[in-house]
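Produce the entire structure from the sequences given, and follow the hints as far as they go.
If you're matching them up, the sequences are chains A and B in order.
Going by my numbering, the first residue of the first sequence is number 1, and it counts up by one from there.
Going by my numbering, the first residue of the second sequence is number 1, and it counts up by one from there.
In case anyone wonders, no lab produced these hints; they're calculated from the structure.
Take these hints with a grain of salt, some might be off.
Think about it this way: if two alpha-carbon atoms lie no more than 20 Å apart in a straight line, the pair counts; the simulated SDA-like pairs of lysine to any residue are [claimed, not checked]:
1) A:Lys53 - B:Ala303
2) A:Lys76 - B:Leu308
3) A:Lys53 - B:Asn414
4) A:Lys49 - B:Thr207
5) A:Lys49 - B:Leu248
6) A:Lys21 - B:Asn414
7) A:Lys49 - B:Gly65
8) A:Lys21 - B:Gln412
9) B:Lys64 - A:Gly50
10) A:Lys49 - B:Ser69
11) B:Lys407 - A:Val42
12) A:Lys76 - B:Ala309
13) A:Lys49 - B:Arg249
14) A:Lys15 - B:Arg305
15) A:Lys49 - B:Arg305
16) A:Lys21 - A:Pro48
17) A:Lys53 - B:Val241
18) A:Lys49 - B:Met245
19) A:Lys21 - B:Val409
20) A:Lys49 - B:Thr221
21) B:Lys287 - B:Val328
22) A:Lys53 - B:Arg249
23) A:Lys49 - B:Glu205
24) B:Lys407 - B:Gly298
25) A:Lys21 - B:His313
26) B:Lys287 - B:Glu263
27) A:Lys53 - B:Asp244
28) A:Lys21 - B:Asp295
29) B:Lys64 - B:Trp334
30) A:Lys76 - B:Ala303
31) A:Lys21 - B:Cys363
32) A:Lys15 - B:Gly298
33) B:Lys266 - B:Arg329
34) A:Lys76 - B:Gln304
35) A:Lys21 - B:Gly410
36) A:Lys15 - B:Ala303
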Amino acid sequence: MASLITCPHCGQRPKEEFTIKGDAGLTRPAPDADADVWYDYVYLRDNPKGLHKEYWHHSSGCRRWLIVERDTVTHKVHSVADAALAELGGAA
Amino acid sequence: MRYSALSVFLNGLRGNKGWAPAWRQPQPKPHYDVIIVGGGGHGLSTAYYLAKTFGITNVAVLEKGYLGSGNIGRNTTIIRSNYLLPGNNPFYELSMKLWEGLEQDFNFNAMVSQRGVLNLFHSDAQRDAYTRRGNAMRLHGVDAELLDRKAVQAKLPFLDYDNARFPIMGGLLQPRGGTVRHDAVAWGYARGADSRGVDIITHCEVTGIRRENGRVVGVETTKGFIGCGKLALAAAGNSTVVADMAGLRLPIESHVLQAFVSEGLKPFIDCVVTFGAGHFYVSQSDKGGLVFGGDIDGYNSYAQRGNLATVEHVAEAGVAMIPSLTRVRYLRTWGGIMDMSMDGSPIIDRTPIDNLYLNAGWCYGGFKATPASGYCYAHLIARNEPHETATQMRLDRFARGYQMDEKGVGAQPNLH
Chain A
1 MASLITCPHC
11 GQRPKEEFTI
21 KGDAGLTRPA
31 PDADADVWYD
41 YVYLRDNPKG
51 LHKEYWHHSS
61 GCRRWLIVER
71 DTVTHKVHSV
81 ADAALAELGG
91 AA
Chain B
1 MRYSALSVFL
11 NGLRGNKGWA
21 PAWRQPQPKP
31 HYDVIIVGGG
41 GHGLSTAYYL
51 AKTFGITNVA
61 VLEKGYLGSG
71 NIGRNTTIIR
81 SNYLLPGNNP
91 FYELSMKLWE
101 GLEQDFNFNA
111 MVSQRGVLNL
121 FHSDAQRDAY
131 TRRGNAMRLH
141 GVDAELLDRK
151 AVQAKLPFLD
161 YDNARFPIMG
171 GLLQPRGGTV
181 RHDAVAWGYA
191 RGADSRGVDI
201 ITHCEVTGIR
211 RENGRVVGVE
221 TTKGFIGCGK
231 LALAAAGNST
241 VVADMAGLRL
251 PIESHVLQAF
261 VSEGLKPFID
271 CVVTFGAGHF
281 YVSQSDKGGL
291 VFGGDIDGYN
301 SYAQRGNLAT
311 VEHVAEAGVA
321 MIPSLTRVRY
331 LRTWGGIMDM
341 SMDGSPIIDR
351 TPIDNLYLNA
361 GWCYGGFKAT
371 PASGYCYAHL
381 IARNEPHETA
391 TQMRLDRFAR
401 GYQMDEKGVG
411 AQPNLH
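This is the structure in structure tokens:
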């Protein structure tokens, strides 16, 4: 993986500044959703071989949650976006 | 050919020209009773016990690379059964007992060395947790000894005992734990299975699973279609990819774990020792190299290589435990793809598809489990019911709320 990650707020930063949370493709169900929906959210994963979106926290930088799109075979980082702004549909 | 001291001696006299290949290189038959996907340690041991113990010999093992190219040749060779939970401990103890008789059983020198596994503790709370685990082990009939600081000092004088933040207070020792020559495990099982009629087909990648009327009828491979009565997955880090071919979604993420070996040194570590204040475990191979590892890199990966940040982190943990390591040089590092389950424990179970079986979720505990995993999986495939030591390794335990989470981490695989 690249040693430098381009944070949309801080620019190029060393990878060690970031904490990886994991799969960004999961959508948290409503609190009263069925047990099988919660099971799906908590335990099942797509685990793709290829492009994968993950939540990364810039824990030693701007402390924003980011969505990093990465290839799980080549480790190449394709894009980095601010998670909250991306969700709002704005420019990340 | 049966290997013995006499056969080694006689072949030595004849210029070692009498040795035959340890297993055949067969072409696939059109149909097998059982096809095992994955020719790693678990797939090969499953085939071995299917043939030897359960009498099913019309079996193929399909391996996409060469034999031993996956995690069976990419680990730190440690065996132990120092588990806490009732669903895990008897299983790993079965594995330990199988290790103890393995070389005689499959007539291959796997260099099983019961040199002891010592887990260091550095605080009162950690001592209490280790005491609890040691007592749980003894209640299951497994050997465990709690060593105080003095006893550890006598055993391993070169550790950093007076570290200001993490002083070493003692350790939990399993004397029967140790190391095994990992490649030889793959070769021994392969030879044992092959001699009983199992076809081991290498460089044969499964590209699809053909289903008719809700049952698996065979697999599409790079060597054509092969029919089967039962299909058994043992694909480790690629479990998700293979299960996806049958429409199954698994509670698994694939992560890369690195292992390391140093330059050769004179003997100084005569057991396996693990750091309690960071993730670091080390033993010394018979060639003299230190074999050690740490945490997974922490991100999903299907690449059999890791990153330098982890290399540095593991070195730091190692030096914190053994200060004299500062002058030791890394010789090699390699990565393997771990099938990290959501509770850190494995799955050996049937699936919603009637004749499809699953063996996955080994996280980074797969090597020590190799014999029991194969034995219990073969039992499940042959008899359609779980072995008595693997009754809790169910695929549906997450939905039922019966996780086996040794560390209490939760469904966050990069922290297991």
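How the hints compare with the structure:
1. Taken as a hint, the A:Lys53 and B:Ala303 pair is honoured in the structure, with Cα atoms around 16 Å apart against an allowance of 20 Å.
2. This hinted pair checks out: A:Lys76 and B:Leu308 have alpha carbons roughly 15 Å apart, not beyond 20 Å.
3. Taking the CA atoms of A:Lys53 and B:Asn414, the gap is about 15 Å. The hint holds against a cut of 20 Å.
4. Taken as a hint, the A:Lys49 and B:Thr207 pair is honoured in the structure, with Cα atoms around 14 Å apart against an allowance of 20 Å.
5. For the hint linking A:Lys49 to B:Leu248, the alpha-carbon distance of about 15 Å falls within 20 Å, and the restraint holds.
6. Proximity of A:Lys21 to B:Asn414 is assessed by CA-CA distance (about 8 Å); at most 20 Å being required, the pair is judged to hold.
7. A hinted pair counts as satisfied when its Cα atoms are at most 20 Å apart, and A:Lys49 with B:Gly65 qualifies at roughly 17 Å.
8. At roughly 8 Å between alpha-carbon atoms, A:Lys21 and B:Gln412 fall within 20 Å of each other, so this suggested pair holds.
9. Only pairs whose Cα atoms come within 20 Å are accepted, and B:Lys64 paired with A:Gly50 is accepted, the gap being roughly 18 Å.
10. The straight-line distance between the Cα atoms of A:Lys49 and B:Ser69 is roughly 19 Å, inside the 20 Å bound, and the hint therefore holds.
11. Distance check on the hinted pair: B:Lys407 and A:Val42 sit about 18 Å apart at the alpha-carbon level, within 20 Å; holds.
12. In summary, the hint linking A:Lys76 to B:Ala309 is supported, as the alpha carbons are separated by about 16 Å, within the 20 Å threshold.
13. Taken as a hint, the A:Lys49 and B:Arg249 pair is honoured in the structure, with Cα atoms around 14 Å apart against an allowance of 20 Å.
14. A threshold of 20 Å between alpha carbons decides the hint, and for A:Lys15 with B:Arg305 the separation of about 17 Å falls inside it, so the pair holds.
15. Simply put, A:Lys49 and B:Arg305 have alpha-carbon atoms about 15 Å apart, close enough for the 20 Å limit, and the pair holds.
16. Using a Cα cut-off of 20 Å, the hinted pair A:Lys21 and A:Pro48 holds, with the two alpha carbons roughly 16 Å apart.
17. For the proposed pair A:Lys53 and B:Val241, the alpha carbon gap of about 17 Å is at most 20 Å, so the pair holds.
18. For the hint pairing A:Lys49 with B:Met245, the CA-to-CA distance comes to about 13 Å; that is within 20 Å, so the pair holds.
19. As the CA atoms of A:Lys21 and B:Val409 are separated by approximately 13 Å, the hinted pair is consistent with the 20 Å bound.
20. For the given pair, A:Lys49 sits about 18 Å from B:Thr221 by alpha-carbon distance, which is consistent with the 20 Å threshold.
21. Between B:Lys287 and B:Val328 the CA atoms are separated by roughly 15 Å; this keeps the pair inside 20 Å, and the hint holds.
22. For the suggested pair A:Lys53 and B:Arg249, the alpha carbons sit about 18 Å apart, so the restraint of at most 20 Å is met.
23. Proposed proximity of A:Lys49 and B:Glu205 is supported: the alpha carbons are some 15 Å apart, at most 20 Å.
24. In summary, the hint linking B:Lys407 to B:Gly298 is supported, as the alpha carbons are separated by about 16 Å, within the 20 Å threshold.
25. Straight-line distance between C-alpha atoms of A:Lys21 and B:His313 comes to about 19 Å, which keeps the hinted pair within the 20 Å bound.
26. Restraint check for B:Lys287 and B:Glu263: the C-alpha separation of about 9 Å stays at or below 20 Å, so the hint holds.
27. Annotation: proposed proximity of A:Lys53 to B:Asp244 holds, straight-line Cα distance about 19 Å (limit 20 Å).
28. A C-alpha spacing of about 15 Å is found between A:Lys21 and B:Asp295, which places the hinted pair at or below 20 Å, so the restraint holds.
29. Using a Cα cut-off of 20 Å, the hinted pair B:Lys64 and B:Trp334 holds, with the two alpha carbons roughly 19 Å apart.
30. A distance of roughly 11 Å separates the Cα atoms of A:Lys76 and B:Ala303; the hinted pair therefore holds under the 20 Å criterion.
31. Simply put, A:Lys21 and B:Cys363 have alpha-carbon atoms about 18 Å apart, close enough for the 20 Å limit, and the pair holds.
32. Proximity of A:Lys15 to B:Gly298 is assessed by CA-CA distance (about 12 Å); at most 20 Å being required, the pair is judged to hold.
33. Between the alpha carbons of B:Lys266 and B:Arg329 the distance comes to roughly 14 Å, so the proposed pair stays at or under 20 Å and holds.
34. With a C-alpha separation of about 14 Å, the suggested pairing of A:Lys76 with B:Gln304 holds against the 20 Å cut-off.
35. Between A:Lys21 and B:Gly410 the CA atoms are separated by roughly 13 Å; this keeps the pair inside 20 Å, and the hint holds.
36. At roughly 18 Å between alpha-carbon atoms, A:Lys15 and B:Ala303 fall within 20 Å of each other, so this suggested pair holds.
In the structure shown, no violation is registered for any of the earlier numbered hints.
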